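Participant: Chains R and W, in that order, are what the protein sequence lines are.
When we follow our numbering, the leftmost residue of the first sequence carries the number 1, and every step to the right adds one.
When we follow our numbering, the leftmost residue of the second sequence carries the number 1, and every step to the right adds one.
Treat the hints as calculated values from the structure; they're not laboratory data.
Errors might be hidden in some of the hints.
Identical copies look the same in the list; a pair holds intra-copy or inter-copy alike.
Claimed, not checked - Below are the DSS-like pairs computed for lysine-lysine, each with C-alpha atoms no more than 30 Å apart in a straight line: (1) Lys162 x Lys89; (2) Lys262 x Lys44; (3) Lys242 x Lys86; (4) Lys99 x Lys162; (5) Lys24 x Lys162.
Treat the numbers as computed from the prediction; the structure is a model and nothing was measured.
2 protein chains.
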Amino acid sequence: MNWPLFRTKDDTRGLEELNTDRKKVVIVGAGFAGLSAIETLHDKNFDVLLIDRHNFATFQPLLYQVATAGLNPGDVSFPIRTLLRKYPKVRFRQGELVKITPESNLIELEDGSRIGYDYLILAFGATSNYFGIKGAAEYSHAIYTLDDAIEVRNRIFHQFEKAAAHGISDGCLTFVVVGGGATGVEMAGASAELCDRALRTDYTSIPRSLVRVILVEQRSKVLEVFDEALSEYALEELRRRKVEVMLGSTVDEITPDTVHLKGGVEIPYGILIWAAGVGAPPLASTLGLPQGRGGRIVVNPDLRVADHENIFAVGDIAAATSGDELVPQLAQPALQEGRHAGLQIINLAQDLPTSAFSYKDRGIMATIGRRAAVAQLKGGIDLTGWLAWMAWLVLHLITLLGVRNKLSVLINWLWHYVSWGKGPRVILGG
Amino acid sequence: MNWPLFRTKDDTRGLEELNTDRKKVVIVGAGFAGLSAIETLHDKNFDVLLIDRHNFATFQPLLYQVATAGLNPGDVSFPIRTLLRKYPKVRFRQGELVKITPESNLIELEDGSRIGYDYLILAFGATSNYFGIKGAAEYSHAIYTLDDAIEVRNRIFHQFEKAAAHGISDGCLTFVVVGGGATGVEMAGASAELCDRALRTDYTSIPRSLVRVILVEQRSKVLEVFDEALSEYALEELRRRKVEVMLGSTVDEITPDTVHLKGGVEIPYGILIWAAGVGAPPLASTLGLPQGRGGRIVVNPDLRVADHENIFAVGDIAAATSGDELVPQLAQPALQEGRHAGLQIINLAQDLPTSAFSYKDRGIMATIGRRAAVAQLKGGIDLTGWLAWMAWLVLHLITLLGVRNKLSVLINWLWHYVSWGKGPRVILGG
Chain R
1 MNWPLFRTKD DTRGLEELNT DRKKVVIVGA GFAGLSAIET LHDKNFDVLL
51 IDRHNFATFQ PLLYQVATAG LNPGDVSFPI RTLLRKYPKV RFRQGELVKI
101 TPESNLIELE DGSRIGYDYL ILAFGATSNY FGIKGAAEYS HAIYTLDDAI
151 EVRNRIFHQF EKAAAHGISD GCLTFVVVGG GATGVEMAGA SAELCDRALR
201 TDYTSIPRSL VRVILVEQRS KVLEVFDEAL SEYALEELRR RKVEVMLGST
251 VDEITPDTVH LKGGVEIPYG ILIWAAGVGA PPLASTLGLP QGRGGRIVVN
301 PDLRVADHEN IFAVGDIAAA TSGDELVPQL AQPALQEGRH AGLQIINLAQ
351 DLPTSAFSYK DRGIMATIGR RAAVAQLKGG IDLTGWLAWM AWLVLHLITL
401 LGVRNKLSVL INWLWHYVSW GKGPRVILGG
Chain W
1 MNWPLFRTKD DTRGLEELNT DRKKVVIVGA GFAGLSAIET LHDKNFDVLL
51 IDRHNFATFQ PLLYQVATAG LNPGDVSFPI RTLLRKYPKV RFRQGELVKI
101 TPESNLIELE DGSRIGYDYL ILAFGATSNY FGIKGAAEYS HAIYTLDDAI
151 EVRNRIFHQF EKAAAHGISD GCLTFVVVGG GATGVEMAGA SAELCDRALR
201 TDYTSIPRSL VRVILVEQRS KVLEVFDEAL SEYALEELRR RKVEVMLGST
251 VDEITPDTVH LKGGVEIPYG ILIWAAGVGA PPLASTLGLP QGRGGRIVVN
301 PDLRVADHEN IFAVGDIAAA TSGDELVPQL AQPALQEGRH AGLQIINLAQ
351 DLPTSAFSYK DRGIMATIGR RAAVAQLKGG IDLTGWLAWM AWLVLHLITL
401 LGVRNKLSVL INWLWHYVSW GKGPRVILGG
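Sequences are here, hints too, so could you generate the full structure?
Facilitator: See below:
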C-alpha cells in the first residue's frame, strides 16, 4: 500500500511540513461545524485537509432568502479556497467521501483516491427527512443546498410566468410549505412577501386573491420549541401576511399536483416546500458507523463516534448530546461542536484525556418577515417584532462576516436586503 | 380563428388600451436591438409585447467576465419585468418563437399560443458559426448566453480542482481560444489574468508554467478590423500576459481533448473557447425568411425583411446595410437598428414613408486586460493602454446603467471589478 496517501502527487504546497511527523486531520464537510474545527486547528501542529463535494461553502440560514429571491446565490456562498487563504497550512480537496476504512485510517473518495488520516472529522451535514411519506421526496423541494434554493426560485418564477401567459389553473400559484418549525415559518413568511411584491411590481395582471401560501403543520402550533407567546406571535404575523396556516394537519400523500392530508383534505399546489424534518444524507448509512434517531451518527459525549478512537462526528450529522439531551441541528451547536472536536484532537495528540461536549445555548431565533421575528434568548428574554428582527439581522450579519471575513458581503447583502422592497431580482436558470 | 390573439386570457393589465384600435407591435428578443426598439415605441400609440425565451436580459459585452470569474451572473443580467416597470404599456411574455404566418400576421410560440401583430420586430440575436469544422460544435464553448458563460466558468474551475487533486495531465490546464477578433482577444486576455490570480491565491501548488493560454487565429494578425498599430499593441499586450498567440493557424478538426491545426500541429486542451465567427441561430432558417451571409436575415435598407411589409429584423440576426456596407454584429449597431425600426413603425402607422438605416459608427473597442485596451474612435483617434481601458470601462458602465437604470448595478460592478485583484470568487454549479 502507498502510505501515507495524504498528499496528492502534484501538491507541493506545505511540502516541508508534510514530511515532518505532524498529525494529519481530515475534515469532511465545509459547513459551520467543519469550518469551526478548522479555525481551532489551523495554527496548531497539524496538517489539515478539508474535503467537500462543492468548491464553495454555503451560509445555510439564509438559503430561504435565495429561494424567495431576496438574495442572490453569490451572497450566501463563498469559495472554500478563498476562505482558506488565511490558513496557509490548511489544504482543500474537492471530492465526495464514499468509504472509511478505520482499521487502516483511510478514507476513499468517489474518484478512487485514498487519503490517510490520523484524525477524521465527519461534518457533512443533513438533508430532508420525508418520514416515508409517499411522493414527498419526488415532488417536494427541500432547501439544504444552494442548488436547491436556486431550483425553488426558478420554480416559483416559472409558475408566475406560466400564470401570466396562460392564466391561473387550479393551484398553479399555491405555495404549500410543509412543516411549521423555524425553516417552514421563514419560508412561508418570505414566500408571502415575495408574492405581494412580485404581483405589485411585475405580475400586475395576476390578482392577489389567486395566489395562496399555505403552511401545513402537524402539531397544534407553529415554532413548537419556542415559548408559547412567541409561537402565538408568529402565527398571528403569518396570518397577517395572508399565510393560511393549517394546524393539526398531517400530510398523507403527495402527488404531482396535489397534497393529500389525512382526513381527506386535498390541496392542489404549484410549488411544494418540504420543511418537516431533518434527516441524514444517504452517505451516513453506507459508512458502517452507528446511527441513531433520524440517521444521525451516534457519538460519545466527547463527540467521537462510538467505538472509534480517532473519528469525530459534528454538526447536523452527529447525534451529539449535552448532558442527557440531544443537541438540536442548528448553526450554533454545529459551530460549538466543530470547535470542541478540534480541541479534543489537540488533547489526543498530546495524550491528554478528552472532555465531554457541553452545548451553550445562547437562544433561538426565527424570522417571519421584514420587521417581524421572534427571539428567545438565554436568560428568559423573549423578543418579538422589530427588535427581534434587528437582533436576527445583526446576528446573521456578524456570523456571515465572520465566515467571509470580507466587507464586500456585508455591503452586498445590506444593499440587496434594503433594495428588495423594489421587487425581487430574478434570473431563471436555462 | 380566435382573433385578436394578442391578449392572453388572464392579462387584464392595460385592458382599456387593448380594446382600442392601437396597433400591435410584437418584439422578439430582449437584447440591445429589442430593448432599443421598446425605448422608441413605449410612449407612442402602440400596444407593445416583448417576447423572450428567458425572463432576463443579458448584457452580452461583459459575459466573458462572468466566464472568467471577474463578475457574477447577476451583475450582467436583469429581469425583463424589472426593466419594463418604467414602461407600463409594454407587456412581456416568456416564450420561444417557432413560426411566423405573415399572411395572417400571426406568430406561434413553442407552447402552441398564437399571437397576432400589426408589426413584428425580430431581434433574437446570433450564435456561433462553426463553419462546418468537425467537432467544433460538440467540444467547444461559445459565450452568447449567461448559461454559456457560467458553463465556461464551471469548466475552468473544475479543471483547476482536477489538477489540484490529481496532477496536471497533458493539456488539462491549456485554454485554447479560437478566433482573434475582439471576443477572442478579450477572452484570451481575461483567461490569462484569471490564471495568474487563481494560481497566486488559490491553487498555489500548480506551477504557472503548466498553465497555457493559446489564441489561435487564421489571419496574420489579431483584431483585424482595427488599425495596424492597435492590432500590434494588442498582440504585444497578449504576449506580455503570457498568451501564446498562434497567427496564420487554421483549425482543421477538434476532438474531445485535442485541437488539430491544418499543417499537422496538435494542441491538447482542457478548455476550448470558440470565438471564431458569428452565425444565425437555428430558428432563423425555420421561419421561411430570406437569409444571407452567415444565415442573417436579409433586410431592405429600411430594415424591413425583404418582401415583408410589416416585419423588421434588427441586431445581430439582421443582414442590415448602411450605404453599401454590411453593418457589423455589435451592440452599437443593434441599438441604432432597434431605434430605427421603432421610428419606421411610427412612420408606417401614420402612412408616412420609411427611411433607410444609416449606421453612425462611433468607433470600436476591445479590452485585452486590466489597464490595457484598444479604442479606435470616430475621427481617426486611436487610443491604447490605460486611457483606452478607462474609455472602455466608462462606456460599458454608461450603457449598463442605461439599461438597468439603477445605481445598484454600478456599485456592484465597480465593487466586484475593483476587488477582483484579490482573486476570483467562484461558485461552481451542481
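Participant: Does each hint fit the structure? Answer for all of them.
Facilitator: Cross-check of the supplied hints:
no., hint, verdict
1, Lys162 x Lys89, "between (51 Å within a copy, 20 Å between copies)"
2, Lys262 x Lys44, "neither (55 Å within a copy, 56 Å between copies)"
3, Lys242 x Lys86, "between (46 Å within a copy, 28 Å between copies)"
4, Lys99 x Lys162, "between (44 Å within a copy, 20 Å between copies)"
5, Lys24 x Lys162, "between (54 Å within a copy, 22 Å between copies)"
Hint 2 from the list above is the single one not met by this structure.
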